[in-house]
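Participant: First to last, the protein sequences are chains A and B.
In this text, residue positions in the first sequence follow full-length UniProt numbering: the first is 1, and each later residue adds one.
In this text, residue positions in the second sequence follow full-length UniProt numbering: the first is 1, and each later residue adds one.
Treat the hints with care, as some may be off.
Because identical chains share one entry, a pair is satisfied inside a single copy or across any pair of copies.
[Unchecked claim] DSS-like, lysine-lysine: derived pairs with alpha carbons at most 30 Å apart:
id, residue 1, residue 2
1, K46, K74
2, K89, K72
3, K89, K46
4, K46, K62
5, K62, K89
6, K62, K74
7, K72, K62
Worth flagging that the hints you see were computed from the coordinates, not collected in a lab.
Protein chains: 2
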Amino acid sequence: MWRIGQQAVLCRRTQQLWIRGFIEGGEVMTVEIRIQDDDSLEITGKFDLLDEDGNAYGHHGKLRLCRCGASKTKPYCDDSHVEINFESKVRA
Amino acid sequence: MWRIGQQAVLCRRTQQLWIRGFIEGGEVMTVEIRIQDDDSLEITGKFDLLDEDGNAYGHHGKLRLCRCGASKTKPYCDDSHVEINFESKVRA
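The whole structure should be built from the sequences, with the hints applied where relevant.
Facilitator: Next up, the structure:
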């Protein structure tokens, strides 16, 4: 839920209401894409996962996408990166 | 920019301002992760790209992440999927 803080001034002459407001909190969670060492991409938050045709995958706000190329359940990770000894430790 | 539509009632006795408002538009863009055929993950919107230690990568709201496992510039795609003839056409 959004919490809206307001300061409002009512202009008597124009009957216009001037509002200086701010919006705080709310449910907009930044989407996080974490590149795990020798492992998949872990994605959390509110996002649309689409195929090439624009069809959306249903999801619950947290999933792991294959980045080693070997998963048999692409786009999802199925831990094939362990079988193929996938190595990739990246740092920002 | 947020456009805030308001209906406001000023209670003279309590000097409280009751606002029935709605928020429309604004800049909250849903993050889109598109799984491209035989190609990378194309990601657009407002998101954090983090390494295993939680360090953030700077970006401009659109990037391509490798999902074939062969990129030499991981986590980013460098078109190595073409060289290795990576094949993956997934549908939701």
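Participant: Evaluate each hint against the coordinates.
Facilitator: Tested hints:
1. K46 x K74: So K46 and K74 pass the 30 Å test inside a copy (20 Å) and across (24 Å) alike.
2. K89 x K72: both (22 Å within a copy, 12 Å between copies)
3. K89 x K46: Both, since 26 Å and 24 Å are each at most 30 Å.
4. K46 x K62: Both. Shortest intra-copy (9 Å) and inter-copy (16 Å) distances satisfy the 30 Å Cα cut-off.
5. K62 x K89: Classified as both; 22 Å inside a copy, 22 Å across copies.
6. K62 x K74: Intra 16 Å, inter 22 Å, cutoff 30 Å: intra and inter.
7. K72 x K62: both (19 Å within a copy, 27 Å between copies)
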